[in-house]
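Each chain is listed here by its residues.
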Amino acid sequence: MNSMILAVDAGNTTARNLTIVLFLAFVAATLAITIWASRQTKTATDFYAGGRSFSGFQNGMAIGGDYMSAASFLGIAGLIALYGYDGFLYSIGFLVAWLVALLLVAELLRNSGRYTMADVLAFRMRQRPVRTAAAVSTITVSIFYLLAQMVGAGALVALLLGIRPGTTFLGMDADTAKVATIIMVGALMIIYVTVGGMKGTTYVQIVKAFLLMGGALLMAVLVLAKYNFNLSSLLGDAAASSGNGAAFLEPGLRYGVEVAGNATQTFYNKVDLLSLGIALVLGTAGLPHILIRFYTVPTAKAARKSVLWAIGIIGSFYLLTLALGFGAAALVGGEAIREQDRAGNTAAPQLAEALGIDFFGGDLGGAAMLAIIAAVAFATILAVVAGLTLASSSSLAHDFYANVIKRGNTSERQEVNVARISALVIGAVSIALSIFAQNLNVAFLVALAFAVAASGNLPAILYSLFWKRFNTSGAVWAIYGGLLAAVFLVFFSPVVSGAPTAMFPDHDWQWFPLSNPGILSIPFGFLCGYIGTIISKETDEEKYAELEVRALTGAGAH
Amino acid sequence: MSTDTPADAPTDSMPERYLTVQRSDEFAGLRRALRGFVFPMTIAFFLWYALYVILSAYARDFMGTRLFGSNINVALVFGLLQFVSTFLIAWLYSRYADRKIDPVADKIREELTGGES
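Those protein sequences? They're chains A and B, same order as listed. Residues are numbered in the working numbering as their position in the first sequence, beginning at 1, plus a constant of 1. Residues are numbered in the working numbering as their position in the second sequence, beginning at 1, plus a constant of 372.
To be clear, the hints were calculated from the coordinates, so they are not data collected in a lab. Small disclaimer: the values here were computed from a predicted structure and weren't measured. Here a beta-carbon is modelled for each residue, glycine too, at the ideal position from N, C-alpha and C. One should not assume that every hint holds.
[What the hints assert, rightly or not] Derived Cβ-Cβ restraints for the label pairs, each shown as a range: (1) B:471 - A:524: 29 to 37 Å; (2) A:409 - B:471: 39 to 47 Å; (3) B:430 - A:409: 28 to 36 Å; (4) B:388 - A:410: 56 to 64 Å; (5) B:471 - A:542: 47 to 55 Å.
[As the list claims (entries may be wrong)] A few chain A residues that face chain B, going by a derived Cβ cut-off under 10 Å, partial list only: (6) 99; (7) 238; (8) 240; (9) 245; (10) 248; (11) 283; (12) 302; (13) 313; (14) 323; (15) 418; (16) 421; (17) 422; (18) 550; (19) 557.
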């Protein structure tokens, strides 16, 4: 298995140089697109919603590019490579979740909103309290997600460029390279958003979606070709190389782990698995950076088409990931993967190298494949962080500045300028927080973002669209109730303290036994929305009639 | 620029017209057609997914059962069926919306806006 270890060891710099060249090519291409997009961006609708000019197919690809993060690509491939079946189980929640978006949210949101999630929530409510709550929730979710991506990017670059403790790259040691990466990723996402707006961001996401699908497809085909397209023998080999035997192909190595002789812990682990499943399925349709993508198409029908394309591309991607994960387990082996990265994040690049050596003429082919997949991984991170920055800066400018501070009395130009400044500020804050958190285990923040979205945003959105009686008080209660419950429970959970893998492993204030709060915080969010509604007398029949007619027919839609 | 109130409402009597439309039989039919599909389907796919996760947590022997004398087990097939059901529901909804929702929605919208929107 020695030849499978990343070739960047032992002075083999071919892969490293090629990675950098490909990555720079991607950056150059996306910057060119961004500048082109900036010339097409004149109005607020252009900046926030790409002029609503994208087709269902284009937006479907962009949704894929926005949604399939490095946590999906490297994370799920790595989970499958190390824990087998459970990685696959994890990916399924991310796909099924799109049915909530398709059936309940996408079209109605497209028809009734304009630029942000709060447009729909505040439609028939008092503007200031609802928009403030929505902005708080949007920025919280986006920053959690951003932090996980950016800290992950820093660690990844050090790994992929093979900068180990004690070695240097361009005069940087591993820690400096991490900080440099975080700053570079942050700077690029600020440029994409401030210069290119939604148009630039969308094209970056489309390009990334094609690169990611292309890379994953190539690797999956090579893996399957190696096993003569016999899935059973791939699985058998993966199970054998994993060191876990048949258990590798069954649920239980990672989620809902059965701890021998500890019935309580076993019980909690299994409830935790259910909790994770619920949050994944219900979270997607409440993620602000996903929701604003529905505004980039001209009609509700196009919004529906874009979700259909997104389901197609995301589903296909997770099926490919299955081949990548089991392929990495079989061809690279669990031991070699853990040696590179204990969390398995380098499984896909390691597999790329192994396949390159096998199929494309030895070390040079291996270096080329590794470089391609590493560059795809960087592109993946950039597209996702740009979407997150755009969502949070849109909300800050459109919801908080224009409607809460200025009470709607601001010009379009002013509002867009504030959005650009917001992107800069959010980018700078994210860079600073990421540098602070770079050595902490913040991978749980992605799951937390889903939990907050499912607990606070989703109840507010669904009640808004389907419940006539819903009102300002209900919306504010749902958002703050769900948000605070999720954050509060996670703060006292084993992912923050009291466990060796926690964010603060040396402290212990943990008392909540589950890593995922969803099973409690989601019903709590819905309950808060209900209680908040019935304790207030406010109803606005005319505005609800307008919202409902508009949502269902598209009359008066922007 | 006010960003909230739909300033682009064609006439002053729009709020009342929305109320009239909302109370019309035609609109009630549209609402029923939409909710009659999406609510049961949402419950169905959620329960189907919940069943999968619950079996993964509590019925591991069953999930580990091998099929066709190969390394393919019930858990893998069950997981792949989640993909199949997701694709299938998406396709069914798209077909249903094209036939039963869009024509009615388009008609009501045109009546309301005079074909402007």
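Exercise. Quick one, is the residue 323 of chain A hint okay against chain B at 10 Å, beta carbons?
Worked result: With a minimum Cβ separation of about 9 Å from chain B (threshold 10 Å), the hint on residue 323 of chain A holds.
Exercise. Any CB of chain B closer than 10 Å to the CB of residue 238 of chain A?
Worked result: Since the shortest Cβ distance to chain B is 9 Å, the answer is holds.
Exercise. Are residue 418 of chain A and chain B close enough, Cβ to Cβ, to be under 10 Å, as the hint says?
Worked result: violated, 14 Å
For this session: Against chain B, run the beta carbon of residue 240 of chain A and see if the smallest gap drops under 10 Å.
Result: holds, 7 Å
Exercise. Holds or violated: residue 313 of chain A as interface residue toward chain B, Cβ cutoff 10 Å?
Worked result: Residue 313 of chain A check passes; min Cβ-Cβ to chain B is 7 Å, inside 10 Å.
Problem set entry | CB-CB spacing for residue 409 of chain A and residue 430 of chain B relative to the 28 to 36 Å hint | violated, 53 Å
Exercise. How about residue 550 of chain A: closest beta carbon in chain B under 10 Å, or not?
Worked result: holds, 5 Å
Problem set entry | 29 to 37 Å as the expected CB spacing between residue 524 of chain A and residue 471 of chain B, which holds or is violated | holds, 36 Å
Problem set entry | Interface hint status, residue 421 of chain A versus chain B (Cβ within 10 Å) | At 17 Å from the nearest chain B Cβ, residue 421 of chain A fails the 10 Å test, so the hint is violated.
Problem set entry | residue 409 of chain A paired with residue 471 of chain B, Cβ distance criterion 39 to 47 Å | At 40 Å between Cβs, range holds.
For this session: So, residue 99 of chain A near chain B? Judge it on the closest CB pair being under 10 Å.
Result: holds, 7 Å
For this session: Classify the hint on residue 557 of chain A as holds or violated, based on whether any CB of chain B lies nearer than 10 Å to its CB.
Result: Cβ of residue 557 of chain A sits 6 Å from chain B, so the hint holds.
Hint compliance for this structure: hints 3, 4, 5, 9, 15, 16 and 17 are not met, and every other hint is.
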